[in-house]
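A.B. asks: Given next are the chains, with one letter for each unit.
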Amino acid sequence: MAPDLNPLQKEPDEPPDVASGLPPDDGAGKPESELVAQAKAGSSEAFEELVNRYERRIFRLAMRLTGNTEDAEDVLQETFLKAFEHLPDFRQDSRFYTWLVRIAVNEGLMKLRKRRSDRSEPLEDAVDDDGQVIPRDFRDWKPNPEQLTSQEEMERILLGAAAQLPPSLRTVFMLRDVEELSTEETAQALNLTLGAVKARLFRARFQLREELSKTFNRE
Amino acid sequence: MTCKEAFKQISAYLDGDLTEELKNILNEHICKCAHCKVVYDTTVKTVELYCDGKLFPMPQTISNRLHTALRRKFQDRRAV
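Chains as they are written, first to last, in the numbering used here: chain A, 1 to 219; chain B, 220 to 299.
Mixed in with the good hints there might be a few duds.
What the hints assert, rightly or not - Here are the computed lysine to any residue pairs in the SDA-like style, where the Cα-Cα straight-line distance is at most 20 angstroms:
| # | chain 1 | residue 1 | chain 2 | residue 2 |
| --- | --- | --- | --- | --- |
| 1 | B | 256 | B | 230 |
| 2 | B | 251 | A | 41 |
| 3 | B | 292 | A | 41 |
| 4 | A | 82 | A | 48 |
| 5 | B | 251 | A | 103 |
| 6 | A | 214 | B | 269 |
| 7 | B | 227 | A | 103 |
| 8 | A | 82 | A | 116 |
| 9 | B | 292 | A | 81 |
| 10 | B | 223 | A | 138 |
| 11 | B | 227 | A | 135 |
| 12 | B | 264 | A | 140 |
| 13 | A | 82 | B | 269 |
| 14 | B | 256 | A | 56 |
| 15 | B | 264 | A | 149 |
| 16 | B | 292 | A | 147 |
| 17 | B | 264 | A | 152 |
| 18 | B | 292 | A | 38 |
| 19 | A | 142 | B | 223 |
| 20 | B | 273 | A | 185 |
| 21 | A | 214 | B | 253 |
| 22 | B | 273 | A | 45 |
| 23 | A | 142 | B | 257 |
| 24 | A | 142 | A | 163 |
| 25 | A | 142 | B | 253 |
| 26 | B | 264 | A | 96 |
| 27 | B | 223 | A | 136 |
| 28 | B | 227 | A | 137 |
| 29 | B | 292 | A | 86 |
| 30 | A | 142 | B | 268 |
| 31 | A | 40 | B | 223 |
| 32 | B | 256 | A | 211 |
| 33 | B | 227 | A | 133 |
| 34 | A | 82 | A | 103 |
| 35 | A | 40 | B | 264 |
| 36 | A | 82 | B | 296 |
| 37 | B | 273 | A | 153 |
| 38 | B | 292 | A | 43 |
| 39 | A | 40 | B | 291 |
The set of hints was computed from the structure by calculation and includes no laboratory data.
Please read these numbers as outputs of a predicted model, since none were measured by experiment.
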């Protein structure tokens with residue numbers, strides 16, 4: 001670690017979608033705002049172009065939230081069908097993608113709640129935003145985790161660790177750290193205060209780290 | 220700075236929420252504390268692993284079913 005060299009903070013001119021491997025919104029093709037305006041005016045082709053642009057990212061988010069392909073597909077379909085249905089209500093005061101993410105998170109949380117109620121588990125998580133997380137595992141991850149395992153195995157490990165987190169922490173982590181929504185956007189999407197987003201993100205990061213340490217520090 | 224205080228500040232540091240003074244104090248602590256350095260490095264790695272855009276690719280069949288469902292919805296809308 002060195003001052004002013006935070007690896008999670010991107011350079012200002014770095015496109016926001018680098019981590020997803022997709023082109024930025026202002027890359028080739030029509031600007032998002034133009035497509036949204038056309039779709040709102042009734043163009044199904046414009047809406048389908050928006051779907052083509054974001055379906056892979058919404059699917060990945062749904063996988064990380066629900067942890068299985070079947071639920072992720074349901075979340076993906078419901079997200080775009082609801083977006084189409086409610087497009088006239090979209091006031092364009094946020095990015096279209098952020099709006100999609102909010103729908104996807106609500107759909108994902110509904111899936112998780114249903115799964116919990118099916119197992120007669122409590123519907124709400126007992127999350128204390130003032131709660132402390134104290135790291136317990138101080139062994140380094142060597143060699144680099146990516147060198148240890150295949151892509152499929154890595155996916156299994158990451159989903160397994162995320163499943164140990166209550167949905168209230170998992171969603172904050174996925175929106176802030178993976179989808180790179182701002183603290184304000186995340187708070188708005190989840191109806192939380194800024195302080196609650198920060199507190200949950202802190203707990204989510206350290207709990208995931210502890211979970212992954214169980215796998216990656218084995219010698 | 221104690222280790223307990225350092226843990227609290229690592230997440231704020233990753234969010235860019237620390238003042239220059241706190242950043243320097245945390246940096247100084249991490250440079251000389253092996254445990255906190257591991258916690259910092261592996262927390263950063265945790266986020267990086269989940270952000271890997273190559274993971275969880277969408278199968279083409281799922282995309283096809285989505286587009287079929289949407290086109291049905293488009294047709295229903297036109298029929299109204």
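A.B. asks: Hints first: check each against the structure and report whether it holds.
C.D. replies: Hint-by-hint comparison with the structure:
1. B/256 with B/230: 13 angstroms, holds
2. B/251 with A/41: Since the Cα atoms of residue 251 of chain B and residue 41 of chain A sit roughly 61 angstroms apart, the hinted pair is violated (cutoff 20 angstroms).
3. B/292 with A/41: 16 angstroms, holds
4. A/82 with A/48: 14 angstroms, holds
5. B/251 with A/103: Since the Cα atoms of residue 251 of chain B and residue 103 of chain A sit roughly 45 angstroms apart, the hinted pair is violated (cutoff 20 angstroms).
6. A/214 with B/269: 16 angstroms, holds
7. B/227 with A/103: 32 angstroms, violated
8. A/82 with A/116: Violated, at about 24 angstroms.
9. B/292 with A/81: 8 angstroms, holds
10. B/223 with A/138: 13 angstroms, holds
11. B/227 with A/135: 10 angstroms, holds
12. B/264 with A/140: 11 angstroms, holds
13. A/82 with B/269: It is violated: about 27 angstroms lies between the C-alpha atoms, which goes past 20 angstroms.
14. B/256 with A/56: Answer violated: residue 256 of chain B to residue 56 of chain A is near 35 angstroms, above 20 angstroms.
15. B/264 with A/149: 15 angstroms, holds
16. B/292 with A/147: 45 angstroms, violated
17. B/264 with A/152: Measuring from Cα to Cα gives roughly 18 angstroms; hence the hint holds.
18. B/292 with A/38: 17 angstroms, holds
19. A/142 with B/223: Roughly 24 angstroms separates the two Cα atoms, so the pair is violated.
20. B/273 with A/185: Given pair residue 273 of chain B, residue 185 of chain A is violated - Cα atoms ~25 angstroms apart, limit 20 angstroms.
21. A/214 with B/253: 19 angstroms, holds
22. B/273 with A/45: 28 angstroms, violated
23. A/142 with B/257: 11 angstroms, holds
24. A/142 with A/163: 24 angstroms, violated
25. A/142 with B/253: Holds: residue 142 of chain A and residue 253 of chain B sit about 15 angstroms apart, inside 20 angstroms.
26. B/264 with A/96: Distance of about 30 angstroms is beyond 20 angstroms: violated.
27. B/223 with A/136: 12 angstroms, holds
28. B/227 with A/137: 16 angstroms, holds
29. B/292 with A/86: Holds: residue 292 of chain B and residue 86 of chain A sit about 13 angstroms apart, inside 20 angstroms.
30. A/142 with B/268: Answer holds: residue 142 of chain A to residue 268 of chain B is near 14 angstroms, not above 20 angstroms.
31. A/40 with B/223: Given that 20 angstroms is the threshold and the Cα spacing comes to 52 angstroms, the pair is violated.
32. B/256 with A/211: Distance of about 18 angstroms is within 20 angstroms: holds.
33. B/227 with A/133: 9 angstroms, holds
34. A/82 with A/103: 8 angstroms, holds
35. A/40 with B/264: 41 angstroms, violated
36. A/82 with B/296: 13 angstroms, holds
37. B/273 with A/153: 13 angstroms, holds
38. B/292 with A/43: Holds. Residue 292 of chain B to residue 43 of chain A sits at ~13 angstroms (cutoff 20 angstroms).
39. A/40 with B/291: This hinted pair holds, its Cα atoms lying about 18 angstroms apart.
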